[in-house]
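If you read the sequences in order, they're chains G and A. So for the first sequence, the working numbering puts the first residue at 1; every next one is plus one. So for the second sequence, the working numbering puts the first residue at 360; every next one is plus one.
Do not rely on the hints blindly, as some may be mistaken.
Short derived list, chain A residues pointing at chain G, Cβ under 7 Å [stated by the list, open to error]:
hint, residue
1, H432
2, R441
3, N445
4, V460
5, G461
6, T464
7, F470
8, M474
9, P478
Looking from chain A toward chain G, a few residues come up when the C-beta cut is under 8 Å (computed) [to be verified]:
hint, residue
10, G380
11, S382
12, S409
13, F411
14, F449
15, S450
16, H451
17, M459
18, H463
19, G469
20, R523
Hints in this document: simulated from the structure, not taken from any laboratory. All of these numbers come straight from a predicted model, not from anything done at the bench. The beta carbon of each residue, even a glycine, is placed where N, CA and C say it ideally should be.
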Amino acid sequence: MRGRRHLQVVVLAAAVAGVQLATLAAGKGFFLTQLTMSAYATLVALGLSLLMGYAGQVSLGQAGFFAIGGYTSAVLTTLDLGGHRGRPLWAAAERLGLLAERPDLFGGATLSVAPWAAGVAAVLLGAAVAFSLGVPVLRLRGHYLAMATLAFGTIVSSIVVGTQAFGAADGISGVPPLVLAPGLRVGGGAADRVENYYLAWGLVALAMLLLSNLIHSRAGRALGAIHGAEDAAAAMGVDTGRMKQKTFVLAGVMATVAGVLLTHYNGGIGPSEASVMKSVRTVAVVAVGGMGSLWGTLAASAVLNFLSLRGYFGAYDDAVFGGILVAVMLFSPDGILRGDLGALASRLAARRKSPGEEA
Amino acid sequence: MALLEVDGLSKRFGGVRAVHGVSFRVEKGAVKGVIGPNGAGKTTLFDLLSGFRAPDEGAVRLRGRRIDGRAPHEIAALGLSRTFQNLKLFSHMTVLENVMVGRHTRSRGGFLSGMLSLPGARRQERRIEAAALEAMDFLGISALAGSAAGSLSYGQQRGVELARALAAEPELLLLDEPAAGLNMRETADLARLIGRIRGRGTTVLIVEHDMSLVMGTCDEVVVLCFGEKIADAAPQVVQRDPDVVRVYLGE
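Whole structure, please, built from the sequences with the hints as guidance.
This is how it looks when you write it as structure tokens:
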């Protein structure tokens, strides 16, 4: 089992390298930009796949966590702290490397929070929000949980659009690259394109490895049990509240990390990233991939997000994702990429034979 | 000290006294039954014992420790395992996975050890699987290991639920109407099975509608009527009790 899981991740790594070489051969190196962006969207989707597909807890607020990550990082790294320079506390922070200078528009230099420190702060904030939101909302089930998380997403979205410090409708630009190691930085420069592509998909591969290990462990089975019959899971000794809370925080943190990294990659973030429609997209991607199938989610997310980012859906972008969600729910609630087309065919056949009967 | 001691347990739902001042004991190693007509409070009593509802009054002690009002997962960890009247399987999981969840209280390991798949976690995984297979073997359902739980027949699902509860190696096993939906032959099989479960040293408390099962397998029977206990004795004694006869057969 474990060997097979690790082999799958190796296949993923090979596919990632294959796609890069193909874009190189075809002279379409610029495709890597959208592929990198879809990797970060995939990270959000994988977190939701665990939360929704395995643990059975719906969230319509993942874009909220993404936005918390992105905006925290963007605000902190674009602050102008020059006025505080020289004060003892700030001097100490600068010595610790928490602050960094960067060139401003006029050839001078402004002092802001260093990207790594901003990223860490963003992830901690995302985790804290997920934790404190999880306590009340995870008592709710089904539609009520969906509504509560939708409300959270809406609140984040309105705060972002309505606050001048967050750039209101313009968002925040001029976010510096995040330097992870000498020669490796998360940023949108053409010279960094290939590295960033591998970095983003490497993170996805790591997430796949950890999550697929998780779902085949004691904790993962407990999540499946909560999904299947929460009462029975509790009767078997599963602390259902705690398990749901942990999963919610994990999914929230994954979305926050994706928000931080994509914001540094893009050099900025806008309010559309926080919109509820982004959360719905993530739900659609997980639904297409098959609730409870990490690999299905990965495939659906990579393809749909890439197509969307390349603009193939044109003005119908949101409508395409909404339409997909409705279609999946109507015709194949278990997803269409479950790798189980035989079962789908037999179910369709059975439905035809006995109209009006529950499958 | 009895394994389970129930003292003056009461639960009201609005104006309805679902369980009222019920007290009884279950000795270690015994098989005890709880019977009563529909609406007598049997299932509410089970929910109070297993933590799914908190009593308004009274106490429940397992091995002398108060468990009333505790959460179900805490009570499970103290050695009480239960089945449900209307089966509650994890239908999208395989039979083996269902039974492996039953090992939850007998194993350790959270998110981190699961994600990292550390050697210790892997060894434990094998132990969980072995224990689950053993429980399935005991019930003769090993052949179903790879099937989706939701695809099984009703009788098979009952078996899986029982295997899941037994995998926890509980001190006290609560069976909520285990004979519901079974035919006479299956009920007879179930009675033999309960005997074998007791043979493993597990104490059993059965809520049951089917008199034949209770009369044949239980050492003692508690009879509930409108939430109150009207008898608590050996099956032969209870059968002749005029109050019980009146409740079951009418005047």
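Status of the hints after comparison with the structure:
{"no.": "1", "hint": "H432", "verdict": "holds, 5 Å"}
{"no.": "2", "hint": "R441", "verdict": "holds, 5 Å"}
{"no.": "3", "hint": "N445", "verdict": "violated, 10 Å"}
{"no.": "4", "hint": "V460", "verdict": "holds, 5 Å"}
{"no.": "5", "hint": "G461", "verdict": "holds, 5 Å"}
{"no.": "6", "hint": "T464", "verdict": "holds, 4 Å"}
{"no.": "7", "hint": "F470", "verdict": "holds, 5 Å"}
{"no.": "8", "hint": "M474", "verdict": "holds, 4 Å"}
{"no.": "9", "hint": "P478", "verdict": "violated, 11 Å"}
{"no.": "10", "hint": "G380", "verdict": "violated, 26 Å"}
{"no.": "11", "hint": "S382", "verdict": "violated, 24 Å"}
{"no.": "12", "hint": "S409", "verdict": "holds, 6 Å"}
{"no.": "13", "hint": "F411", "verdict": "holds, 7 Å"}
{"no.": "14", "hint": "F449", "verdict": "holds, 3 Å"}
{"no.": "15", "hint": "S450", "verdict": "holds, 6 Å"}
{"no.": "16", "hint": "H451", "verdict": "holds, 6 Å"}
{"no.": "17", "hint": "M459", "verdict": "holds, 6 Å"}
{"no.": "18", "hint": "H463", "verdict": "holds, 4 Å"}
{"no.": "19", "hint": "G469", "verdict": "holds, 5 Å"}
{"no.": "20", "hint": "R523", "verdict": "holds, 7 Å"}
Figure legend: structure checked against the earlier numbered hints; hints not met, in rising order: 3, 9, 10, 11.
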